[in-house]
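For reference, the chains in residue letters:
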Amino acid sequence: MSPLGARTLGRSPSEVALDLALRHATYLIFLAVILYFGIQSPAFLAPESLGNVVKQASFIGIAAIGMTFVLLTGGIDLSVGSVMYLAPLIAGFAMEAFGLGVPAGLVVAVCAGAVLGAINALFIVRFDVIPFIVTLATLFLFRGFGTWLTSSRQFDFAPEMRAFGLSSVLGIPTPILVFAVVALAAHVVLSRTPFGRQIYALGNDAEGARKAGVRVGVVKGSVYVVSSASAALAGFVLIAQIGRLDAAFGEGREFDVIAAAVLGGASLFGGVGSAWGAVIGATLIQTVKLGLVFAGVNLYLQPIMQGLIIFVAVLADSLRQRRIAISRRRHIRPSA
Amino acid sequence: MTRTKLLAAAATAALIGVGSAGGAQAATICFAFQDLETEFWIAGHKAITTTLTEAGHTVIERNANEDANRQFEQVRDCIAQGVDGIILIPQDGESAVTIVAEAQDNDVPIAVFNRPPSDLSRGIVVVADNAAIAEQAVDYLVEEALAAAPAGETLTPLIVVGDLGDPNAVGRKEGFYAAIEKHADRFATPIEVASEWDAATALANLEAAVTANPDIDLLFTSSDFLFPTIRSVLEPRGMWKRRGEEGHVLMGGLDGDATACQLIKEGYVDATGVQDLYFEAESAMDAILAAIEAGEAQPNQVIEDPGFALTAANLGEREMDMWGCVLLSEGFLRN
Amino acid sequence: MSALLRFESLSKAWFGVPAVSDLTLEIAEGAALGLIGQNGAGKSTLMNMIGGVVEPTAGRMLWRGEPYAPARPADATAAGIAFIHQELNLFTNLSVAENLYIDGFPTRLGMIDRRAIRARTEEILARLDLAVSPDTIVGELSPGERQLVEIAKALHNEARLVIFDEPTTSLTPRETQRLFDVIGRLKAQGRTIIYISHILSDVARLCDAIAVLRDGLLVDSGPAEAFDVPRMIRSMIGRDLDGLFPPRTAAPGPTPLLEARGLTQPGVLEDVTVTVHAGEVVGLFGLMGAGRTELARILFGLDPVEAGEIRLDGAPLPAGPRGRIARGLAFVTENRREEGLMMEASIMDNLGLVSIRDFGRGPAGLIDRDALAARAEEARRDLSIKAGDIGRQPVKALSGGNQQKVVIGKWLMSAPRVFILDEPTRGVDVGAKFEIYALIDRIAAAGSGILLISSEIEELMGMADRIVVMSRGETTGALARRDFDRERILRMAFRETAA
Amino acid sequence: MHSTVKAAKTKRSLGARAADVFLSDYFVLYMSLAYVAVLAPFLPVLLAPANLSNVLSNMWPLLVVAVGQTFVLAIAGIDLSQGAVVGLTSVVGAMLIATMADPVVLANAPVWGLVLTESGGPFGQMEWGFLLGIAVMVAVAAAIGAANGASVAVFGMPPFMVTLVGLISVGALAIYLTQSENIRHLPDAYVMLGKGDIASVHLGPKDTPQIPRRQIHSFVTYPMLIAIAVALLAHLLLAKTVFGKWVLAIGVNRKAAELSGVPVRRVVVLVFVISAVCAALAAVLYSARLEAGRPTLGEGNFLLDVIGAVVIGGTSLFGGKAKIVWTVFGVLFFVLLSNTLNLMNLSSFQIDMVKGGVILAAALLDVLRTRLMRERMR
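Chains as they are written, first to last, in my numbering: chain L, 1 to 336; chain R, 1001 to 1335; chain A, 2001 to 2499; chain C, 3001 to 3378.
Okay, chain L solo, but in the shape it has when bound (with noise of 0.2 Å):
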């Protein structure tokens, strides 16, 4: 009541310097991670070791775009590590037989992930089974598909493969352009069309979303293709950097893709993330990778100090989001 109290109201400059440091907690420790790891090793700094970085977040970085679709949902999609080898191994055999360029391969191995998917979403939309068993299922089918085309024999693409991963168009390494493409492209898409929107409003109440005329059937199946094809895409690319494919590739990366995705922001129960979280997610952790590398710590210790500093971004994230749903309740009153 009295203007004293009111001024009181008045926060603190360390309690808005607190909050400011909430708000953008994810960047300050991406920060921190660099800065920390530029110090242990100023190579770290350069350029070419940050882009590097970028280039080899890509990998994940394309999958766990992708994923975000799903798990806007509330869905779940295990097959991705499946995908990553079945999808470039079958575009591999399409190269073969038909002489086709790689920028075709390419495009092969984006329609057979997306293929790969249609069978993820026909099992989920027609049959109603849920997405984490039908996924996990197909991920034993499609690695075994790949398994049984092959005989778990490695496959070699020709040399043009390998040119076009270690390309770089103006400077920029190809995959980090495929990168920024697919990034720029799904943030377009979910926050900019209508079905994005419908994404989130799928995932923040099905049957909502049903009643308000949205297709549900075709959405929710949607996201699946839109993931394989992204676990598709990002398997070629990285296989192009190497221009072999071995039987294990891609095998338990859905872990890594569902971490990227939800440590950038994804809920698993569906209605929240974006396509900048996941770009972030996955370079985060890869940074800290790279960072370990760099600082030559012992390979036994890596793994722990990359799962402590995830759990630290983790944990700041989880402290924003209080402090920020501490500072939406509402205020009756004037403050200050």
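Treat the hints as calculated values from the structure; they're not laboratory data. All figures in this text were calculated on a predicted structure; none of them were measured in a lab. Hints are supplied without guarantee of correctness; some may be wrong.
Footprint (simulated), chain L over chain R, 3 or more residues, beta carbon under 8 Å [what the hints assert, rightly or not]:
1. 1085 to 1096
2. 1188 to 1197
3. 1293 to 1305
Derived BS3-like pairs: lysine-lysine, alpha-carbon spacing no greater than 25 Å straight-line [claimed, not checked]:
4. K2386(A) / K2396(A)
5. K2396(A) / K2433(A)
6. K2396(A) / K3255(C)
7. K3240(C) / K3195(C)
8. K1241(R) / K1265(R)
9. K3323(C) / K3240(C)
10. K3240(C) / K2396(A)
11. K3323(C) / K2396(A)
12. K3321(C) / K2396(A)
13. K3255(C) / K3323(C)
14. K3240(C) / K3255(C)
15. K3255(C) / K3195(C)
Every residue gets a Cβ at the ideal spot worked out from N, C-alpha and C, and that includes glycine.
For this one, chain L is given, so just place chains R, A and C on it according to the hints.
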């Protein structure tokens, strides 16, 4: 309701399909291996299955996917199926001991192939010493490096380490260190790069390591299957050069696969440690077949595969002793 | 053809049990029809048939003279029918504008034409006097504001027929008035309205015609002039009801139970003092945003408070809800779906949630199922919750009134000393409302104290011994029962000089 | 006329009874049995006593882990760290109770000299030392579970990320402790827990004085008793106690539970502790039967098997819907699946495809059942 029916039909069809896929046959030899993910294991797998099948035996395959527990269960399932003998590529020496004991307690003869049990006293054991073979290969690299470098210069070695959960990877790392430490005064602390036996991880980590330490004199990979990955990192940096060319990095690996053979021939790679895959496979098969014939339930025998390093220097004489070169000559890499 | 929508012998049965039987009724274009009936009378089923959610088992509907058989909700929307539900159908993670356009965005080059939807949304919001940006995320809006967004959606769809299902339950009087103005304007534009509400005076005020459903049958209908509130109630429940509120049976005692003094939390409350005596029903009135719910949460220990003290039976309360529950505080929240009930769980599990510890035996806390079932059954009978097998039936299968009884029941099972009831009759039909009021009286008569929060002044005037009024986080006055006066209370709520 | 009505009635009730079977809690059990029935003619070994004894013994350790996971899924959480906890606790236990250790193998390990020496671990020479070792394993697991739970409950961090960090860090710690090596020479009493028979059967003539080992089939084993005890306790805890009600309440509606005085934080922490402790108990079974403490236990597809078994049993990933019986049947199905895949003599290149196909078929049946159930409810 029609959809419900469709569902029922699909589910039944799938089950029946599975059923008919499993037409059971009288089994004779159970071949339980830990994984099938690199050329080495695939070649070994092929050698054993085709040889035995062609000789009229039945092979029951079990892939443990790098899970010792699963392997233990699989071997017990084999025993329950009443196989006559077991050929085992164990996940590691410790689980091998347990599995050998399990088989012998159930009166099934067992031969262990490639990865020796920690206790060599039981079972037919074909031994190859990963550490010793790795050491031989790195020894060659070290000699070459020291010969080429001006006296007093400190050299920087790098090792691409395998999955730390895999004892094979650890053995190879130990062999590498043993060779380097013989000349500790001439070498800087080796740079270790984790690969987790995964090409994508190796690519990322090696690239970072090479960016952080551009002056590498010697590179050893714990498995030959990573050479294509290494090429992708070194080539753009002008470090992928043939022997004799300016900027050649001395390079070695282990396994002796077809890619390594080709690269040694082309001059990019200098040495690789070789396990005599065909010798090992054959000895294991022969011994187990002999034991079955003789009705021996607990055969114990140690067969050693000394292994060797195929190097640029001995390429001429020993090429065809390396399984990878045999595969290469058969056109393996044309895919 | 003046009938916009006509039902002809419309029936719907669930496995032989009729929900709507042989209903024939028509709604004239441009008219406002009030549809009333108790929960379970068949209103929802009828609406679901109009909305394309369920298919009639017999009979048909005519829309502008043409047979109308919607197969899905989108068909209804396409025909020009909009629903304003009591359970809002908004996506809390999307913006206001996006919520309006979710079923069909205007696009340019495949991308949402944001400028267009923003402009159009702004215009619609202006018509509703809703001063929020079209880009505001709905999750950040108050319940009242969300309701208006829902109406904006109907306006946006240029619906010919707008169906309001309990639209005012979360609105403040001011917002309600705004809504009524909007409805008036809709009528003036020639749009047709179906208005469903338990607030019968509103129905009488707004509608041209009234139809009453009971047990799936149309029991009464006619022009609104012919209906007064008693007739409506009579038709709905099939008998007379003596007044809307039960008489209070006991007077409050002198002992203060709950005493809150000088509660201050920056930005929320300022020096709030409230006392609840044994056997007393204290009404807490205030406009939306006056701080009623915030006060309740602070009393219950859910939100922090900077200054002031809260005592129960003279002793200060521990921090946090658990300690306060143990001391005898109970809190029926305004949002029973999200905060009150486990919708998927059984009635018994819900009833037992608070007091479950009392049924734990031994160090492991093994539940005495028989005791729990007996006690829950007792509560069910006590509260006359209409349900079959309480051990199996999930709460979500109950009507709103019965759900609310379950919420009250779970607290009753822990025999609390002070009840905080936040909008306990929201979305509850006349009959159930009366039962809840009777329950409030019984609890008070048994010596517990009640803090009754409501935005319906009549409800407070009917039930409370004393009314405390809040405005902008402060208490602006208190009236004893004999001084109750609608206008004075409102003036306090609007902070006009207290008379 | 009369009789036809009656006939129709019996027919209906028969059909209804069949539907009951299809729709009950025991569905996954019936499905597993049907699966066995379909395959048995093609795979005669499937029903051989030796094989059944294998199926059972493979079930126990997985069941113990899955029971723990069930609690976490019940509160709408997920525990990815279970596998890593299995690995770490097996190492911790082994380094305490080993009766001897080989310096050639383990001298590089950071625990060498501190805990582990040539004469084994500190409890290695004690008669009941292995029990102390197990106690420490449980304590370590409880600490990890408490850390997981506190992160989730107190800081509101997503369980997926918290336990993923656990998976990475705890797993790495296990490997670090032994520098990739396995610790052998566990006491016999401990190994007994992993594969010791309490009762075994011999089916066949009693003519030979010395029955060959492979004809004696384990019947009642220590792992069986341990796993059944764990499952039974867990069942009582989840279905019959106040704590269990709290767990499910949090899973259905955390907010309502909190407002109703459920000690949400404490329950969440405890749930993660239970999950980790179950992992530690499974670590006993796994490491005992392999006779070594192994840092890599629980790696790879282990996690997918655990969560897959629980989910296919019927427990919801979204919380509030969980029963231990379901988990038992889910585990049985997964174990049967991998057993039959072994028996089918498929080539390694086909086995994954078949596995995926069977999981899908099972899921389709489950959907069919849910649909029938819904139709019946109407």
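Outcome of the hint check:
{"no.": "1", "hint": "1085 to 1096", "in the structure": "violated (count 0)"}
{"no.": "2", "hint": "1188 to 1197", "in the structure": "holds (count 5)"}
{"no.": "3", "hint": "1293 to 1305", "in the structure": "violated (count 0)"}
{"no.": "4", "hint": "K2386(A) / K2396(A)", "in the structure": "13 Å, holds"}
{"no.": "5", "hint": "K2396(A) / K2433(A)", "in the structure": "19 Å, holds"}
{"no.": "6", "hint": "K2396(A) / K3255(C)", "in the structure": "17 Å, holds"}
{"no.": "7", "hint": "K3240(C) / K3195(C)", "in the structure": "31 Å, violated"}
{"no.": "8", "hint": "K1241(R) / K1265(R)", "in the structure": "13 Å, holds"}
{"no.": "9", "hint": "K3323(C) / K3240(C)", "in the structure": "11 Å, holds"}
{"no.": "10", "hint": "K3240(C) / K2396(A)", "in the structure": "23 Å, holds"}
{"no.": "11", "hint": "K3323(C) / K2396(A)", "in the structure": "21 Å, holds"}
{"no.": "12", "hint": "K3321(C) / K2396(A)", "in the structure": "15 Å, holds"}
{"no.": "13", "hint": "K3255(C) / K3323(C)", "in the structure": "22 Å, holds"}
{"no.": "14", "hint": "K3240(C) / K3255(C)", "in the structure": "23 Å, holds"}
{"no.": "15", "hint": "K3255(C) / K3195(C)", "in the structure": "45 Å, violated"}
Violated hints, listed in ascending order, are 1, 3, 7, 15; each of the other numbered hints is respected by the structure.
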